[in-house]
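J.: Mind the numbering: the sequence shown is residues 1 to 204 in the UniProt record's numbering, read in order.
I should point out that these hints are in silico values taken from the structure, not numbers from a laboratory.
Incorrect hints may appear among the rest.
Only pairs whose alpha carbons sit at most 20 Å apart, straight line, appear in this in silico SDA-like list of lysine to any residue [what the hints assert, rightly or not]:
(1) LYS79 / ILE187
(2) LYS176 / ILE187
(3) LYS185 / HIS47
(4) LYS185 / THR171
(5) LYS141 / LYS79
(6) LYS185 / CYS68
(7) LYS141 / LYS54
(8) LYS141 / ILE152
(9) LYS176 / ARG122
(10) LYS79 / LYS54
(11) LYS79 / CYS68
(12) LYS176 / THR140
(13) LYS79 / ASN65
(14) LYS54 / LEU92
Per label pair, the in silico range of CB-to-CB distance [claimed, not checked]:
(15) GLN18 / GLN116: 22 to 32 Å
(16) GLN15 / ASP121: 27 to 37 Å
(17) LEU196 / ASP77: 34 to 44 Å
All values derive from a computational prediction rather than experimental measurement.
The C-beta atom is built at its ideal place from N, Cα and C for all residues, glycine as well.
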Amino acid sequence: MKNIYPFKSKVCPEQRRQRMQQEPQLVWLTGLSGSGKSTLALRLEHHLFHQGYKVYLLDGDNIRNGLCRDLGFSEQDRKENIRRVAEVSRLLLDAGMVVICAFISPYAEERELARQIVGPDRFTEVYISCPLQVCEQRDTKGLYAKARAGLIANFTGISAPYEVPPHPDLTIRTDKESIDASLDKLITFVEPQLRLQQRMKAAM
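When you get a sec, could you build the whole thing from the sequences and use the hints?
T.: Set out below in structure tokens:
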């Protein structure tokens, strides 16, 4: 791109890790609407914050209310939505933050794009697995009913596909266990990755 000259910070990643006393990591929760992504993401953020981590949550509805309010739900717009989220996540990670993302992100290609933007070593993919029938029964926002009635186009699971992650770092079955049990599993998997000293020792 012409006339664009990105600069390189004089503060290196190691300095930021030491100052923040944590490993920057993106925890990406993907799954159908109603699977429990936002609920788990909110509780994970709350837990990590009160454990002293510098953490921030990016959620689909919040992002579409601001940064991505100009985008629709076509396949192209969905991918652009995720690209923007990944770029914001990369900036937060570069600042030393722990980032949690809760997005349907139905296409494997867009999730892989997010992974490549932030760096594979900083990306943890968590598949929140829940059958469509159960998500429809929950339907807390009434979205599935509207999609079935033809009032919402390109709705994931109804009129648009969801591509299940073939090799997620963690799978949580919210139809088989309580939210508390799911949260415990998520915390147990994620928190050790954020501890600076443990990661440093593992690398030695």
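J.: Each hint should be assessed against the structure and marked as holding or not.
T.: Consistency of the hints with the structure:
1. LYS79 / ILE187: violated, 28 Å
2. LYS176 / ILE187: Within the cut-off at roughly 18 Å; holds.
3. LYS185 / HIS47: holds, 13 Å
4. LYS185 / THR171: holds, 10 Å
5. LYS141 / LYS79: violated, 23 Å
6. LYS185 / CYS68: Distance ~31 Å between LYS185 and CYS68 Cα, so the pair is violated.
7. LYS141 / LYS54: violated, 30 Å
8. LYS141 / ILE152: holds, 13 Å
9. LYS176 / ARG122: Distance ~29 Å between LYS176 and ARG122 Cα, so the pair is violated.
10. LYS79 / LYS54: Given pair LYS79, LYS54 is violated - Cα atoms ~28 Å apart, limit 20 Å.
11. LYS79 / CYS68: holds, 11 Å
12. LYS176 / THR140: It holds: about 19 Å lies between the C-alpha atoms, which stays within 20 Å.
13. LYS79 / ASN65: holds, 17 Å
14. LYS54 / LEU92: holds, 10 Å
15. GLN18 / GLN116: 22 to 32 Å: Given about 27 Å between the Cβ atoms, the range holds.
16. GLN15 / ASP121: 27 to 37 Å: With a Cβ separation near 18 Å, GLN15 and ASP121 fall outside 27 to 37 Å, so the hint is violated.
17. LEU196 / ASP77: 34 to 44 Å: Between LEU196 and ASP77, where Cβ atoms are some 38 Å apart, the hint holds.
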